[in-house]
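Protein chains: 2
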Amino acid sequence: MHTILQLQQIIQKAIDEKQYPSHPKELYEPISYLMALGGKRLRPVLVLMATDLFAGDIYKAINAALAIETFHNFTLMHDDIMDNAPLRRGKPTVHAKWNQSVAILAGDVMFVESFKLIIQVDATILQQVLNVFNDTAVGVCEGQQIDMNFETAPKVTLADYIEMIRLKTAVLLGGALKIGALIGNANLYDAEKLYDFGVNLGIAFQLQDDILDVYGDPEKFGKQVGGDILANKKTFLLIKALELADEQTLNQLNGYLQNTSISPSEKVSYITAIYNKLNIKDIAQAQMITYAEISLKALNEINAPNERKMMLKEFANMLTKRDN
Amino acid sequence: MHTILQLQQIIQKAIDEKQYPSHPKELYEPISYLMALGGKRLRPVLVLMATDLFAGDIYKAINAALAIETFHNFTLMHDDIMDNAPLRRGKPTVHAKWNQSVAILAGDVMFVESFKLIIQVDATILQQVLNVFNDTAVGVCEGQQIDMNFETAPKVTLADYIEMIRLKTAVLLGGALKIGALIGNANLYDAEKLYDFGVNLGIAFQLQDDILDVYGDPEKFGKQVGGDILANKKTFLLIKALELADEQTLNQLNGYLQNTSISPSEKVSYITAIYNKLNIKDIAQAQMITYAEISLKALNEINAPNERKMMLKEFANMLTKRDN
Chain A
0 MHTILQLQQI
10 IQKAIDEKQY
20 PSHPKELYEP
30 ISYLMALGGK
40 RLRPVLVLMA
50 TDLFAGDIYK
60 AINAALAIET
70 FHNFTLMHDD
80 IMDNAPLRRG
90 KPTVHAKWNQ
100 SVAILAGDVM
110 FVESFKLIIQ
120 VDATILQQVL
130 NVFNDTAVGV
140 CEGQQIDMNF
150 ETAPKVTLAD
160 YIEMIRLKTA
170 VLLGGALKIG
180 ALIGNANLYD
190 AEKLYDFGVN
200 LGIAFQLQDD
210 ILDVYGDPEK
220 FGKQVGGDIL
230 ANKKTFLLIK
240 ALELADEQTL
250 NQLNGYLQNT
260 SISPSEKVSY
270 ITAIYNKLNI
280 KDIAQAQMIT
290 YAEISLKALN
300 EINAPNERKM
310 MLKEFANMLT
320 KRDN
Chain B
0 MHTILQLQQI
10 IQKAIDEKQY
20 PSHPKELYEP
30 ISYLMALGGK
40 RLRPVLVLMA
50 TDLFAGDIYK
60 AINAALAIET
70 FHNFTLMHDD
80 IMDNAPLRRG
90 KPTVHAKWNQ
100 SVAILAGDVM
110 FVESFKLIIQ
120 VDATILQQVL
130 NVFNDTAVGV
140 CEGQQIDMNF
150 ETAPKVTLAD
160 YIEMIRLKTA
170 VLLGGALKIG
180 ALIGNANLYD
190 AEKLYDFGVN
200 LGIAFQLQDD
210 ILDVYGDPEK
220 FGKQVGGDIL
230 ANKKTFLLIK
240 ALELADEQTL
250 NQLNGYLQNT
260 SISPSEKVSY
270 ITAIYNKLNI
280 KDIAQAQMIT
290 YAEISLKALN
300 EINAPNERKM
310 MLKEFANMLT
320 KRDN
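Read top to bottom, the protein sequences are chains A and B. Per numbering that gives the first Met the number 0, the very first residue in the first sequence carries number 0; after that it's consecutive. Per numbering that gives the first Met the number 0, the very first residue in the second sequence carries number 0; after that it's consecutive.
Worth flagging that the hints you see were computed from the coordinates, not collected in a lab. Incorrect hints may have been included.
One copy or two, either will do: identical chains are not told apart, so a pair holds if it fits within one copy or between any two.
To be verified - Taking lysine-lysine and the DSSO-like style, the derived pairs with C-alpha atoms no more than 30 Å apart in a straight line are:
| id | residue 1 | residue 2 |
| --- | --- | --- |
| 1 | Lys-280 | Lys-320 |
| 2 | Lys-232 | Lys-90 |
| 3 | Lys-59 | Lys-115 |
| 4 | Lys-280 | Lys-296 |
| 5 | Lys-232 | Lys-96 |
| 6 | Lys-219 | Lys-90 |
| 7 | Lys-17 | Lys-90 |
| 8 | Lys-232 | Lys-115 |
If you're wondering where the values come from, they're calculated on a predicted model, not measured in any experiment.
Take these sequences, add in the hints, and give me the full structure.
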C-alpha cells in the first residue's frame with residue numbers, strides 16, 4: 000500500500016520522464032509547458048489509489064494515470080481559450096504565451112496523447128477501460144458547454160447546477176477511479192461503487208471550491224478571493240442566495256450583480272454580506288457534507304479490506320476539509 | 000464486390016441515420032450540421048473499399064468508416080477556426096454560425112465520437128486499429144501545424160512541402176485504407192502496402208489540388224480559381240517557381256507576391272504567366288503522376304485478386320484525373 004505522497008511522487012516522476020517529439024516544436028512545447036506547471040495531480044493519484052485498493056500492481060496503472068492527467072490538461076488548455084484566461088497556475092496560458100491556433104492544435108494532440116496512453120492497458124480490459132474513458136470525455140465536454148450556457152441563462156436551478164458540476168468536474172474523478180479499479184482487477188460491482196464514490200466526492204470538491212472562493216483565507220487560497228462574485232458566476236452560493244432571498248434582498252442582490260460602478264472590493268463585500276445574512280455558507284457546507292457522506296457510503300460498500308480504504312477516506316477528507 | 004457509388008450510398012445512409020444526443024444542443028447541433036454538409040465521403044469509402052479488397056464484410060467496417068469521416072470533419076471544424084474561414088462547402092463554418100467556443104468544444108466532442116466509433120471493431124484487432132488511428136490523428140495535427148508554420152517561414156523546400164502534405168492530407172487516406180484492410184483480415188504485409196498506396200495517392204491528390212487551384216476550369220472547380228495565389232500559399236507550384244526562376248523572374252515574382260496595390264485578378268494572371276513561362280504545370284503534373292505510379296506499384300504488390308484491385312485503381316484514376 001502506498002501513501003498519497005508516495006503516489007504523487009510516482010506520478011510526478013512519470014510526468015517528468017515523459018518525452019514528446021521535438022518537431023514541430025509549436026505543437027509539443029506547449030504540451031510539456033502545461034504539464035510541467037504542476038498542480039496537485041489529484042486525478043492520476045486517484046487512478047493509482049484505486050488500483051492499490053484492490054491490491055493491484057500500481058505500476059501497471061501508471062500509463063492510465065498519465066492518460067487521465069494528460070486529458071485533464073488538454074481540457075484546461077481548451078477551456079482557457081474559451082474563458083479568455085490569461086493565467087493558469089500563475090503562469091501565462093498557452094494561448095497567451097503562444098497563440099490561439101497553437102492552443103487549439105496542441106490541445107488536440109494532447110487529447111490523442113491521452114488515447115495513446117490509455118490504450119496501453121491490458122488487452123483483456125481494453126474495451127471496458129475505453130468505454131469509461133470515452134464516456135468521461137464526453138461528460139466533461141458537455142459539462143463545459145452547460146457551464147458556458149449558464150453565463151447567459153436567465154435562471155439556473157440548483158439541480159441544473161449540480162448536474163453541470165457532476166459532468167464538468169465529478170465524472171473525471173469517478174472515471175479515474177473506475178479505470179484504476181479495472182486495472183486492479185476489481186469486479187464490476189466494486190468498480191461501479193468506486194465510480195459513485197468519485198462522482199459524489201467530486202461534487203463535494205466543487206462545492207468546497209465555491210465556498211473557498213468567498214470564504215477562503217486569502218493567504219492560503221491560491222486564487223483571488225471573490226473571483227466568482229466579480230464574474231457573476233452562478234455558483235451554488237449565488238443560486239441558493241437568489242432562491243432564499245426575500246423581495247428586498249433579491250432586489251439588492253440583483254442590483255449589486257448589475258452595478259458596474261461599484262468597486263470590485265465593494266461588490267465582493269456587499270454580496271458576501273447578503274450571503275452571511277442568508278446563512279449561505281452553512282447551507283453550502285451542509286450540502287457539501289451530504290455529498291461527501293454519500294461518497295463514503297459507496298466506499299464502505301466496496302469489497303476491500305478496511306485498511307486499504309483508509310487511504311481513500313484520507314483523500315476524501317483532504318479534499319473536503321482543505322483550505323486551498 | 001461493390002462499386003464506389005454503392006459504397007458512397009452506404010456511407011451516406013449511415014451518416015444520415017447517426018443520432019447524437021439532443022442536450023446540450025450547442026454541442027451536438029454543430030456536429031450534425033457539419034456532417035450533413037456533404038462532400039465526396041472519399042475517406043470512409045476508402046475504409047470500405049479496403050475491406051472489400053480482401054473480401055471482408057464491409058458492414059463490419061461501417062463504424063470504422065464513420066470514425067474516419069467524423070475525425071476528418073472534426074479536423075475541418077478546428078482548422079476553419081485557425082484559418083478564420085467563413086465558409087465550408089458554401090455554407091457558414093461552425094465558428095461563424097455559432098461561435099468560436101462552440102466550434103472548439105463541438106470539435107472536441109466529435110473527436111471523442113470518432114473514438115467511440117473506432118473502438119467498435121473486433122476485439123482481436125482493436126489494439127492494432129487504435130495504433131493506426133492514433134498515429135494518423137497525430138500526423139494530421141502535425142501536418143496542420145507545419146502548414147501554419149509555412150505561412151511565416153522565410154523558405155520552404157519542396158521536400159518540406161511534400162512532408163507537410165504527407166502528414167496533413169495523405170496519412171489519413173493511408174490510415175483509412177489500413178484500418179479497412181485489418182477489418183478485412185488482411186495480413187500485415189498487405190495492410191502496410193495498402194497504407195503506402197493510400198499515402199502516395201494522397202500526395203498525388205494534393206498535388207492535383209494545387210494544379211487545379213490555378214489551372215482548374217472555374218465552371219467545374221468548386222473553389223475560387225487562384226485562391227492559393229491570392230493567399231500567397233506556398234504550394235508545390237509556387238515553391239517550384241521560386242526554385243526555377245532566374246534572377247529577373249524571381250524579382251518579378253516576389254514583387255507580385257508582396258504587391259498589395261494590384262487587383263486580385265491581376266495578381267492571379269501575372270503569377271500564372273510566370274508559372275507558364277517556367278512550365279510549372281507540366282512539372283507539377285509529372286510529379287503528381289510519379290506519386291500516382293508509386294501508389295499503383297504498392298497496390299500491385301498486394302496479395303489480392305486483380306479484379307478486386309480494379310476498384311481501387313478506378314478510385315485512384317478518379318482522384319488524379321479529376322477536374323474538381
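Cross-check of the supplied hints:
1. For the identical chains of this complex, Lys-280 and Lys-320 are intra-copy neighbours only, at 14 Å inside a copy versus 71 Å across copies, given an alpha-carbon limit of 30 Å.
2. Taking identical chains as interchangeable, the C-alpha atoms of Lys-232 and Lys-90 lie at most 30 Å apart only when both belong to the same chain, with a minimum of 23 Å there against 35 Å between chains.
3. For the identical chains of this complex, Lys-59 and Lys-115 are neighbours both inside a copy (15 Å) and across copies (24 Å), given an alpha-carbon limit of 30 Å.
4. In this assembly of identical chains, Lys-280 and Lys-296 lie within 30 Å of each other by CA distance solely inside one copy; the values are 24 Å within and 73 Å between copies.
5. Both within a single protomer and between protomers do Lys-232 and Lys-96 lie at most 30 Å apart by alpha-carbon distance, with minima of 26 Å and 26 Å respectively.
6. When the C-alpha separation of Lys-219 and Lys-90 is checked against a cutoff of 30 Å, the pair qualifies only within one copy, where the shortest distance is 18 Å, while the shortest distance between copies is 51 Å.
7. Within a single copy, Lys-17 and Lys-90 get their C-alpha atoms as close as 21 Å, which meets the 30 Å cut-off; across copies the closest is 42 Å, which misses it.
8. Taking identical chains as interchangeable, the C-alpha atoms of Lys-232 and Lys-115 are never at most 30 Å apart, the minima being 36 Å within one chain and 33 Å between chains.
When held up to the earlier numbered hints, the structure conflicts with hint 8 and nothing else.
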